[in-house]
Amino acid sequence: MPFEFILFIAMVGVFVVCAFAIKLPVSLSMLAASVAGLLVSGNGLGIRHLVEGTFGYVDTILVIATAMIFMRAVQESGALDALNIVIIKRFKSIPALLLPMLMLVAMFPGMITGSSSASVLTAGAVVAPVLILLGLPVAKAGAFIALAGILGMIAPPVNIPAMIIGGGIDMPFVGFELPLLLLTIPPAIVFALVLGLKHVKKVSWEEIAPKLEVETYKRYGPRLFIPILVVATLMVLGKTVPKYFGMGLPLMFLIGAALALFAGKRFNPLVAAKAAVADALPVLGILAGVGMFIQVMTLTGVRGFIVVNALSVPPVMLYVAIAVTIPLFGAVSSFGASSVLGVPFLLALLGKNQIVTAAALSLIASLGDFMPPTALSAIFAAQVVGIKKYSKVLKYLIIPSIVILAWALVFIAYSKQIAALY
Amino acid sequence: MKIIYLTIAAGVLVLTAWNLWTEKDWRKQATAAMVAVPLLLRVLLIK
Amino acid sequence: MQKHHISAVIISILMLAACVVAGVTFLEHRKVEPIVRGPGVTEIVKLSKWYPGLEGTAADTDVYIFKGEAPGGSMLVLGGTHPNEPSGFLSAVLLIENATMASGTLYVIPRANNSGFSHNDPQEGAPTGYHFTLSDGSTRFFRYGSRATNPIHQWPDPDVYVHAASGQTLSGNETRNLNRGYPGRTDGTLTEKACYGITQMILAEKIGLSVDLHEASPEYPVINAIVAHERAMPVASQVVLGLEFSDITIGLEPSPKNLRGLTHRELGDATDTLAVLMETANPSQGRLRGRTDEALALEGKDLYYIKAQQLGRLYVPFDEKGHSIEERVGRHLSALIEFAFAMSSEYPDQPIEINGIPAYDELQQAGLGAYLRPLQ
Ligand SMILES: [Zn+2]
Numbered sequence: 001m002p003f004e005f006i007l008f009i010a011m012v013g014v015f016v017v018c019a020f021a022i023k024l025p026v027s028l029s030m031l032a033a034s035v036a037g038l039l040v041s042g043n044g045l046g047i048r049h050l051v052e053g054t055f056g057y058v059d060t061i062l063v064i065a066t067a068m069i070f071m072r073a074v075q076e077s078g079a080l081d082a083l084n085i086v087i088i089k090r091f092k093s094i095p096a097l098l099l100p101m102l103m104l105v106a107m108f109p110g111m112i113t114g115s116s117s118a119s120v121l122t123a124g125a126v127v128a129p130v131l132i133l134l135g136l137p138v139a140k141a142g143a144f145i146a147l148a149g150i151l152g153m154i155a156p157p158v159n160i161p162a163m164i165i166g167g168g169i170d171m172p173f174v175g176f177e178l179p180l181l182l183l184t185i186p187p188a189i190v191f192a193l194v195l196g197l198k199h200v201k202k203v204s205w206e207e208i209a210p211k212l213e214v215e216t217y218k219r220y221g222p223r224l225f226i227p228i229l230v231v232a233t234l235m236v237l238g239k240t241v242p243k244y245f246g247m248g249l250p251l252m253f254l255i256g257a258a259l260a261l262f263a264g265k266r267f268n269p270l271v272a273a274k275a276a277v278a279d280a281l282p283v284l285g286i287l288a289g290v291g292m293f294i295q296v297m298t299l300t301g302v303r304g305f306i307v308v309n310a311l312s313v314p315p316v317m318l319y320v321a322i323a324v325t326i327p328l329f330g331a332v333s334s335f336g337a338s339s340v341l342g343v344p345f346l347l348a349l350l351g352k353n354q355i356v357t358a359a360a361l362s363l364i365a366s367l368g369d370f371m372p373p374t375a376l377s378a379i380f381a382a383q384v385v386g387i388k389k390y391s392k393v394l395k396y397l398i399i400p401s402i403v404i405l406a407w408a409l410v411f412i413a414y415s416k417q418i419a420a421l422y
Numbered sequence: 423m424k425i426i427y428l429t430i431a432a433g434v435l436v437l438t439a440w441n442l443w444t445e446k447d448w449r450k451q452a453t454a455a456m457v458a459v460p461l462l463l464r465v466l467l468i469k
Numbered sequence: 470m471q472k473h474h475i476s477a478v479i480i481s482i483l484m485l486a487a488c489v490v491a492g493v494t495f496l497e498h499r500k501v502e503p504i505v506r507g508p509g510v511t512e513i514v515k516l517s518k519w520y521p522g523l524e525g526t527a528a529d530t531d532v533y534i535f536k537g538e539a540p541g542g543s544m545l546v547l548g549g550t551h552p553n554e555p556s557g558f559l560s561a562v563l564l565i566e567n568a569t570m571a572s573g574t575l576y577v578i579p580r581a582n583n584s585g586f587s588h589n590d591p592q593e594g595a596p597t598g599y600h601f602t603l604s605d606g607s608t609r610f611f612r613y614g615s616r617a618t619n620p621i622h623q624w625p626d627p628d629v630y631v632h633a634a635s636g637q638t639l640s641g642n643e644t645r646n647l648n649r650g651y652p653g654r655t656d657g658t659l660t661e662k663a664c665y666g667i668t669q670m671i672l673a674e675k676i677g678l679s680v681d682l683h684e685a686s687p688e689y690p691v692i693n694a695i696v697a698h699e700r701a702m703p704v705a706s707q708v709v710l711g712l713e714f715s716d717i718t719i720g721l722e723p724s725p726k727n728l729r730g731l732t733h734r735e736l737g738d739a740t741d742t743l744a745v746l747m748e749t750a751n752p753s754q755g756r757l758r759g760r761t762d763e764a765l766a767l768e769g770k771d772l773y774y775i776k777a778q779q780l781g782r783l784y785v786p787f788d789e790k791g792h793s794i795e796e797r798v799g800r801h802l803s804a805l806i807e808f809a810f811a812m813s814s815e816y817p818d819q820p821i822e823i824n825g826i827p828a829y830d831e832l833q834q835a836g837l838g839a840y841l842r843p844l845q
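Residue numbers (my numbering), protein chains in the order written: chain A, 1 to 422; chain B, 423 to 469; chain C, 470 to 845.
One chain only, chain A, in its complex shape:
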């Protein structure tokens, strides 16, 4: 038995004991598992490695923290409630159109920024209450926006996993738009309808109107939406004219949050920001812990053990290995899975159309955002719809995940035929 395997078992074992037996939070369990890996491998306490690992996510931590502050500000100003009213009034009579449209709205920030968390926390938080008012069970609404998060992350124009996979073989991010649209838009429409259609049909405006808080909208009117519109505009400008508006998500979110102070109901910005960061801390802690975990896996050779074993399956089993290992490794990080496994698998899939294959692999990598213990997309979705246990959301994500996997594998298997279509 290779030493790396023993190490891997030790690290996972410590994690499981800490997380389930001692009931420590995921962040601390990751820290404990990393320390165990360092000690067993003879690297001592390896403080340098623990700290260095967290830096892989320092930018992500800022994005999530500021996104939470922005959403909290928008919520406190009353804009969220008001937005729900507008959307429902406009589109309540045509759910078959409304649901896919809400899906696209929820995907939008992910498409522009390449971040599923940004999608779930911003547009997801706008869409989820509407879905719930329309009659979707809370957990299904969570699943809806979680799916929007990962599909948005993969949909063009920005897809960071595909960029990472392409970068690993020096393939520029060019010509990905069509395959990515084909990979994401059909499932997005199908999932939106399947999750929602049977609940939405029965709702009428008279029924839901009393549940809505209409006072704020009456008082402030459309100016409530200025912060959201400004952030959406900045995102588009950041993508189209990065030279002048490439300010990055955190700054956009903070500009939006500052505008929300003056757009509607008054609130204390410091208290709101503190509460927003408190909400974000469990996830930010997981990111820090995952950073440590990956660093220790790489240092000790566990990463190589996993990658080489994933590659050593016989060719007929290659698709199974892709379908299993990439999402599993994505549990630690979908970007990490793209780089660590996505690149070797793309190299192993010689003879395929590389762009279509890389695009499909990126979609599979995105499923990592559903995979416990990190499950960023699912955790945020649960938080947004107000469910304590994200496993309730996860339940509704299992079948869509299998569908996404199958869809992506079809694209890999028929990459040449698909590339010939356009």
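Hints in this document: simulated from the structure, not taken from any laboratory.
Be a bit skeptical, because a hint or two may be false.
Unchecked claim - Below, a sample of chain C positions facing chain B; criterion: calculated Cβ distance under 8 Å:
#1 476
#2 477
#3 484
#4 486
#5 488
#6 492
#7 601
#8 624
#9 824
What the hints assert, rightly or not - So the derived label-pair ranges between C-beta atoms look like this:
#10 447/B with 318/A: 44 to 54 Å
#11 386/A with 447/B: 14 to 24 Å
#12 779/C with 386/A: 47 to 57 Å
Idealized CB from N, CA, C, for every residue including glycine.
Mind docking chains B and C with the ligand on chain A? Use the hints.
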């Protein structure tokens, strides 16, 4: 841009430390500390 | 003091202690290792001589100039474009400490991305550096760096990196990759400014040949290879033949037209230099490697790479002998000797004659430390 982002990081660091101080559960305090480490070292321009 | 405040204080102290311990290592990493000035070096100048905008920044870097006894052609060697690829940097160091010029001028930039040497990539578990024992028993230490510019010097990364001259998009962290920023510009990032400085130097000094030294992970298709700009093809093919005579197999690839920002494309397009890039095999930067440490960087032995080789996943042979730093540096240095030959035969009125470069076999036998000079 770097200065702006260092300021943002400092802001998030302060909010994290504030939560660490007011939080009652030591596990959540420790989680906050884990998040504070990279923010602090970045703000100090060490890493 | 309430109970939760006590735990908050204890946790904060632990957190600060971890910051101090790690912070000391991080600060230590900025200490520049000395390179001993060899007999052939006639001048050491800063890159900012050619682009003053670099002066005082972390990207300004030493340029070692070897003016030959006789006039002739000129050649630039870039080591340390990617500071996590030790053979490129060490080849440059061996040149600086050993080479002399009979004719022509040699320019060597050992730390092309100077900032990248001052840190390690997160989540790579890289060693901070590696040691050599010299003939007199003393040791020399060199830093193992990062593929990219230190975020302390250039931050934040955009979501998407747009190559300024072409509009090509790459993932955001490539913004700090020196070998994606050429030809560089003055109103860009620090990395692009470093690129600009190097381009300006080539233009001002009319450098005839520019060689960018790299390493690649063994699973990467372009490896043990020369990538050459189309104008450099005739010279590069001579080098391939010349190396074959010494039993060194090396591939030759044309620089792709649609991959922008790299030396072999942009330096060839933006200047009159013949631009080439060379890769050796470095398992310590690969995705399939096992335990990562100093020994892996120097000896290049790795069980998981052997396994991957047996699975047919690699683009270089890989057995229990691994790919030692002597082999990798030896390949680069032998190729540089051949390049000087090829340039001299292609352009006889502008000869480049270099002496004192350790030969491949000697390097394997004596070890790299034998060719480093002791520090005073
Ligand atoms: Zn390189």
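Here is how each hint holds up against the structure:
The restraint placing residue 476/C at the interface with chain B holds, with a minimum CB-CB distance near 4 Å, inside the 8 Å limit. For the restraint placing residue 477/C at the interface with chain B, the shortest Cβ-Cβ distance is roughly 5 Å, inside the 8 Å limit, so the hint holds. About 4 Å separates the beta-carbon of residue 484/C from the nearest beta-carbon of chain B, less than 8 Å, and the hint is met. Checking residue 486/C against chain B by beta carbon gives a least distance of about 11 Å; that is not within 8 Å, so the hint is violated.
With a least beta-carbon distance of about 6 Å to chain B, the hint placing residue 488/C at the interface is held under the 8 Å criterion. Hint on residue 492/C holds. Least Cβ distance to chain B is approximately 5 Å, under the 8 Å limit. Contact between residue 601/C and chain B, as hinted, is not supported at the beta carbon level, the nearest pair being about 27 Å apart and thus beyond 8 Å. Using the Cβ-Cβ criterion of 8 Å, the hint placing residue 624/C at the interface with chain B is satisfied: the shortest such distance is roughly 5 Å.
For residue 824/C, the interface hint is violated, the least distance from its beta-carbon to any beta-carbon of chain B being 43 Å, above 8 Å. Remark: the range hint 44 to 54 Å for residue 447/B to residue 318/A is upheld by a beta-carbon distance near 46 Å. Taken as a hint, the range 14 to 24 Å holds for the pair residue 386/A and residue 447/B, whose Cβ atoms sit roughly 20 Å apart. Here the CB-CB span from residue 779/C to residue 386/A is close to 53 Å, well matched to the stated 47 to 57 Å.
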